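K.L.:
Spelled out, the chains give:
4 protein chains.
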Amino acid sequence: MKEIDLWQSEAREEAVSRPGALVRAAVAGATGYAGRELIRILSRHPGCKIVRLMSSGRDGRGTFPVQKSQPVLRGRTKLPCQPLKVEDLRAAEVDVAFLCTPHETSHDVVPELLARGLRVIDLSGAFRLKDSQNFARWYGFEHKAAPALSDAAYGIPELSPAEIRRARLVANPGCYATSIILALAPLLQAGWIDSRAGIIADSKSGASGAGRALSDKLHFAEVNENLRAYGLFNHRHVPEMLQALGLEENQFIFTPHLLPITRGILSTIYVRLVASGAPKRLEQVVGLFEGLYARSPMVRIYPPGALPEILAVAHTNFADLGFALDEPTGRLIIVSALDNLGKGAAGQAVQNMNLMFGFAEDMGLA
Amino acid sequence: MKEIDLWQSEAREEAVSRPGALVRAAVAGATGYAGRELIRILSRHPGCKIVRLMSSGRDGRGTFPVQKSQPVLRGRTKLPCQPLKVEDLRAAEVDVAFLCTPHETSHDVVPELLARGLRVIDLSGAFRLKDSQNFARWYGFEHKAAPALSDAAYGIPELSPAEIRRARLVANPGCYATSIILALAPLLQAGWIDSRAGIIADSKSGASGAGRALSDKLHFAEVNENLRAYGLFNHRHVPEMLQALGLEENQFIFTPHLLPITRGILSTIYVRLVASGAPKRLEQVVGLFEGLYARSPMVRIYPPGALPEILAVAHTNFADLGFALDEPTGRLIIVSALDNLGKGAAGQAVQNMNLMFGFAEDMGLA
Amino acid sequence: MKEIDLWQSEAREEAVSRPGALVRAAVAGATGYAGRELIRILSRHPGCKIVRLMSSGRDGRGTFPVQKSQPVLRGRTKLPCQPLKVEDLRAAEVDVAFLCTPHETSHDVVPELLARGLRVIDLSGAFRLKDSQNFARWYGFEHKAAPALSDAAYGIPELSPAEIRRARLVANPGCYATSIILALAPLLQAGWIDSRAGIIADSKSGASGAGRALSDKLHFAEVNENLRAYGLFNHRHVPEMLQALGLEENQFIFTPHLLPITRGILSTIYVRLVASGAPKRLEQVVGLFEGLYARSPMVRIYPPGALPEILAVAHTNFADLGFALDEPTGRLIIVSALDNLGKGAAGQAVQNMNLMFGFAEDMGLA
Amino acid sequence: MKEIDLWQSEAREEAVSRPGALVRAAVAGATGYAGRELIRILSRHPGCKIVRLMSSGRDGRGTFPVQKSQPVLRGRTKLPCQPLKVEDLRAAEVDVAFLCTPHETSHDVVPELLARGLRVIDLSGAFRLKDSQNFARWYGFEHKAAPALSDAAYGIPELSPAEIRRARLVANPGCYATSIILALAPLLQAGWIDSRAGIIADSKSGASGAGRALSDKLHFAEVNENLRAYGLFNHRHVPEMLQALGLEENQFIFTPHLLPITRGILSTIYVRLVASGAPKRLEQVVGLFEGLYARSPMVRIYPPGALPEILAVAHTNFADLGFALDEPTGRLIIVSALDNLGKGAAGQAVQNMNLMFGFAEDMGLA
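Protein chains in written order, with our numbering: chain B, 1 to 366; chain F, 1 to 366; chain U, 1 to 366; chain W, 1 to 366.
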């Protein structure tokens, strides 16, 4: 699998050009759910100041109070929401741009933003895949920004901290992908999983993960008191998981389900440990994770007998991991939980910003 | 107040022209929530047969399997859903047309359907108000079918059974209106309420009451874990309540709220009993309701100390009424519960059909 | 695997001793969720009459109105709820006893009820396992009614209709088990599944499946906006599934999850088709199920491209099955949905009664 | 009505005896919902340090990891939860004790804690009513701590900041009470409400407001998809509202309802403005509130046309107020929203602590 710069000790680079000053952030996509959460977090982040809110303008509105679209932001910011125009963003005024925009919009504006000297954290999928050929199949558009693609850091702070710290562009991972990669990377890196036996990730996500765009599938009465599977053998987060984990498509099944809750993902992951070379006892599996994530404040490893649940991570930036092992057969179940808007989107974006600008990794994150 | 033909003993008219035969029903608006529930009820009604499903065609689709839009109807009907065309409906083939269509559509097609000899049960608001002048203010269109308007029976079976039995056109009441009228009509008729002191109905409804049309207010994540009031001093169901109850606008406040549930309405209604002429004890209030609704199988009166709740009426055609009286002051609270898709829409429509065609009032209703 | 008397043509036995009369049913466990649903269904079943409601008396109450515990049953029955005493049940007055009682209670009373000449449908787990030795491990008590155990029919009407028709005792299957057995039995019987590759059933259930007993795990605020896995490698429904499907414990993983909904189960089941002997195309898999369940009115098979969801089965007795196949690799996902109180408990119990007493299989079931 | 020390300018007293040091807080009742939220807030409060967690010991447990009862607190505190013993609390080690304990427990321990020199913020109802005679009727126990009662400050920071700053004991108000008092106090103080016409507060609360104790009324399946009214003319929060607002019992109706959500209260409040002396236009009403709460960072006043909803306040410490006025008649509806665990309990407790120890009023509150 891909070499991961896990938990390296490294020199803290000089990240902020204006020492002592607040990082100035612009947020594009301020009217969606990830944008809302991002603004909420940044508005009380001690090292950061929001200087501009923008919306991709698909709604045809000009400048308007962001509270009109996001009542929960009353009292948190006085900035209006403006149309997204790249030419309005100058490195002299903005240090970092967060993009909570559609994939195609991000694809279009990122190269220009980089050229203008801004650092960018993109929450869309537009820069997550290294191979530009993959976008046509999974995202339905041809990718024309290969240079940015190869420079982009795939932003899971626990797995690639050094790369993220020096990145000009961070591709913030998908919510499902984060919950599954954090659960599998340590085991795959240790060589403990029998990949040929197949890895199955059965994930369940709250409805905010689908975004705020109108859809008859997301009407309250269609989601409430319901559960449905979707995207079988065909979900957009698959290629970024294969890429990060070094797996082949025929070794991995990912099945997402839509839960009748607003926030949270729980992934139940089924693997088989290799017959020789892997440990036989649950405590050893837990120990591997405790060791590897020991310096990661946002990952919580559960002891044998306890399992994560969505309630423990909702409205937080934690990713929780718990385990059950059928010791005689080596069948291992990993339960992974996080908040799709927190560690799965806006929270992780801020965690990435913290690395990029030299802050403590969990600053401003609950 | 308006004279109500409550609980009159009356001769059962010869309702069905073809004795012994099943009533043949057409349903327009088959892709919405009221349409779905209506088809579900009618598909197992022992005296009725669905002969045609239609959609108002706003979605631009031609004929398609209704299960495509309504998976829950798999195995319940083999009829396709066709575009609504009045000329397809002939009295020789259809006895009754149920309209779960937008107000404007109902307004347009009802006169033609009546002219073609069909009986009509309209679940929209287009024929609920006697005064055609009221439509411009409350519904935003000019009403041009005054004759049908004056012939229409306002269809609460418990309150106007005789009128409904002989009606060619029944205007099926609003869901909120039903829950409130059933609670207030007996008291107002008895002259026990001090209307000048003001009547306040604070209602809470599940999201299916808002229909299936797309709206950013009805996205799952906007309704879930939320409650919001709307339509203050300005809701479309007000005029039909004033009309049915004989009240003035300044005597009545109605405040609807959107609940994070799919089905059900609970109305909490505040009135003051008149100082003289009304009883002083809770048991007497309960007794009035028990007497007046004694022959109404779908209304359940709760004894002192017990109160209705939505769970007891959801997925049923019951309307439940309970009471709390502050005996020293005569302040009375009535709690009224029903299922907005059942007694508040499709169930009540079938109850009306039962009266119109000589069936037992609760036939086919759970 | 075990021989299953699937879809046999067989003579309708003379089931009802008193032709034309209503089947007289007693319900024990009337204060729980399965009991509530059973009473609701039976109260409008055209071939049945409830003659006695009982509660196991653990709550220390004597005789009381069942509505006190079950407001939704107002207006549906006038029978009080009495303490469960076997000596009150006589074959001259009761044809069939439904037991919605704790496992231990069912274990204790079933032999006596059979001895008194009643037929019994037991919704607990007390008679589901053929090997009495299994009860100590999975249910925590020693089984002392081996004769009844060997006579009991495991009651999935689609799979063992003949056995159920002649049974004196039907062990009504577990809700999870029903959803999984209906999905796997046809494939295993056809020899299409590679069992050694492992079968994984990832199930999600609404909270009513856990029963009505108090538990801090079932407090509203602990279930709402949450999802949690439980019983990993150790759930009580496993042995009945292994038994019905002829599988070994190391070939099968079952992981239940608690959903924040009241009613419904969705099972996502992962299998691998055998390399030779199994078809390669999805249509062929669907065709197998369509053929085998063609005469089963309560099982709905979805065409390629459509998948079951809980909303389509909640408040019904349907079991829905849909499929996705990765044709190059033979990896098959089956999505199975049913209502845990309907087809997963009370509905299936009535379906079993229908077979036992010669009624149409779906009589009284929506 | 009672004189309220609204918005007085006052000298900031020297609140913290050890300047620069962190306030040391003990939390009793750490296993409940208010306790959980309090620990969550305090664990990241920049001016405070939790030094002891306790549980009232009713559960018979000794010392245990608080995460066992509260998984969400993993990674937030390393303190164990100990039995509540007053003798363990010394002023030399603890500056303030938060009590999230049952009313009776608070009643018993508060006098001792004060005697030992601690400051106390009590989240129970035990010290909210000035007249000790009232406790027998509303709380079911005889109050024997009259001196503490008369010293206690009723802790709504927006209404009694000076009193709270100097208090040794703060009685943290009820959740419903806070939502209603904040909405009515300005109008009553201005003399704009016609109290004789009656004031009606129809409130709806999420289930966490009922606490974590087991109850069959709080089982998930009893709350979900339901709404029920309770405590009609008889709820424990009434006397503290009458006391704070200077109203008589016969002028006020309060009806709480249980919502199927975890967090949040929405109160819909109906009043009539006095015919002379009150303004006629909605903008004037809004202006009164904007003026009075101008220096209150946690109260948000909505402009005409916008209304609060629970989603905008959940997981925050904000109290939101919006208004609709029927200008011809003076009938005014106030919609008040807050989070029952935030501004309605733990958040307000921290806000009170902030005043008591000289911090910014909203420090550590989101």
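There could be a bad hint or two in this list.
A pair holds if it fits inside one copy or across any two, identical chains being indistinguishable in the list.
BS3-like cross-link-like pairs, simulated, lysine-lysine; straight-line CA separation at most 27 angstroms [to be verified]:
1) 144 x 280
2) 78 x 217
3) 78 x 68
Read the hints as simulated data drawn from the structure, not as lab findings. Note that the structure is a prediction, hence the values are computed from the model and not measured.
K.L.:
Each hint needs a verdict: does it hold in this structure or not?
P.N.:
Comparing the hints with the structure gives:
{"no.": "1", "hint": "144 x 280", "in the structure": "neither (48 angstroms within a copy, 38 angstroms between copies)"}
{"no.": "2", "hint": "78 x 217", "in the structure": "between (34 angstroms within a copy, 24 angstroms between copies)"}
{"no.": "3", "hint": "78 x 68", "in the structure": "within (12 angstroms within a copy, 41 angstroms between copies)"}
Hint 1 alone, counting from the list given before, is not met by this structure.
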